[in-house]
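Top line first, the protein sequences correspond to chains X and Y.
If you're matching positions, the first sequence starts at 43 in this note's numbering and goes up one per residue.
If you're matching positions, the second sequence starts at 88 in this note's numbering and goes up one per residue.
If you are wondering where the hints come from, they were derived from the structure by calculation, not from laboratory data.
Cβ atoms here follow ideal geometry from the backbone N, Cα and C, with glycine treated the same way.
Each computed DMTMM-like pair below joins lysine to aspartate or glutamate, with the alpha-carbon atoms no more than 20 Å apart:
#1 Lys144/Y x Glu109/Y
#2 Lys144/Y x Asp125/Y
#3 Lys143/X x Glu117/Y
#4 Lys90/Y x Glu86/X
#5 Lys143/X x Glu159/Y
#6 Lys143/X x Asp125/Y
#7 Lys143/X x Asp138/Y
#8 Lys100/Y x Glu149/Y
#9 Lys45/X x Glu68/X
#10 Lys45/X x Asp146/Y
#11 Lys144/Y x Glu156/Y
Anything over 12 Å on all C-beta distances counts as not near chain X; from chain Y, calculated:
#12 Val99
#13 Arg101
#14 Gly103
#15 Lys105
#16 Lys140
#17 Gly150
#18 Ser152
#19 Arg155
#20 Lys157
#21 Lys158
#22 Glu159
#23 Arg160
#24 Thr170
#25 Asn171
#26 Thr202
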Amino acid sequence: AQKVTQAQTEISVVEKEDVTLDCVYETRDTTYYLFWYKQPPSGELVFLIRRNSFDEQNEISGRYSWNFQKSTSSFNFTITASQVVDSAVYFCALRSYNTDKLIFGTGTRLQVFP
Amino acid sequence: DVKVTQSSRYLVKRTGEKVFLECVQDMDHENMFWYRQDPGLGLRLIYFSYDVKMKEKGDIPEGYSVSREKKERFSLILESASTNQTSMYLCASSPGLAGDPYEQYFGPGTRLTVT
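Kindly produce the complete structure, drawing on both the sequences and the hints.
Below, the structure is given as structure tokens:
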């Protein structure tokens with residue numbers, strides 16, 4: 043069975059702090075894709091990143107970085123120097139190679155206070 | 088840019104009413120999806136469609152049906168709305184071919200309240 047676990051329900055930080063959102067997944071597939079989405083208060087899910095199972099290289103995009111480790115089945119997301127605009131619900135998701143379905147975690151609500 | 092639109096942002100309906108939620112995408116995507124989002128449960132797939140007139144049940148199809156008469160439009164139907172269907176409904180679309188590493192594109196959501 044496939045599963046995505048986001049154990050952190052809610053995180054509160056003060057602006058400029060670094061914050062890491064955890065994502066642990068379960069799958070028996072050897073080829074799969076991992077995603078992070080952001081859902082701001084407006085409601086629309088915004089795609090942030092996709093990672094292939096055969097590419098464990100970490101990625102950095104501005105203040106955002108992602109750490110993919112197959113050995114621990116984790117795909118963690120770090121925001122450096124957080125800003126109020128980062129306040130949102132963040133979802134991690136998993137998709138197998140041979141399906142169109144996404145399996146979502148339950149999300150982590152991040153609140154960044156000024 | 089891919090654009091996915093949903094007919095309403097907020098909707099209030101009475102128990103027993105038939106409810107239609109409409110979703111339109113403008114990028115000629117083969118796949119379209121309907122999810123519901125509830126606190127603590129994340130997004131759960133209701134139905135998806137991989138082609139016109141084709142549909143497959145997701146994880147929670149009970150109480151829902153769907154229609155896809157045109158490629159760009161995917162409708163979610165609540166035949167007889169109940170209070171436990173009060174939720175946020177999100178539509179998404181994506182290109183076809185399961186083997187490709189594509190993402191899903193989401194609409195703004197419809198917050199449905201059934202009273």
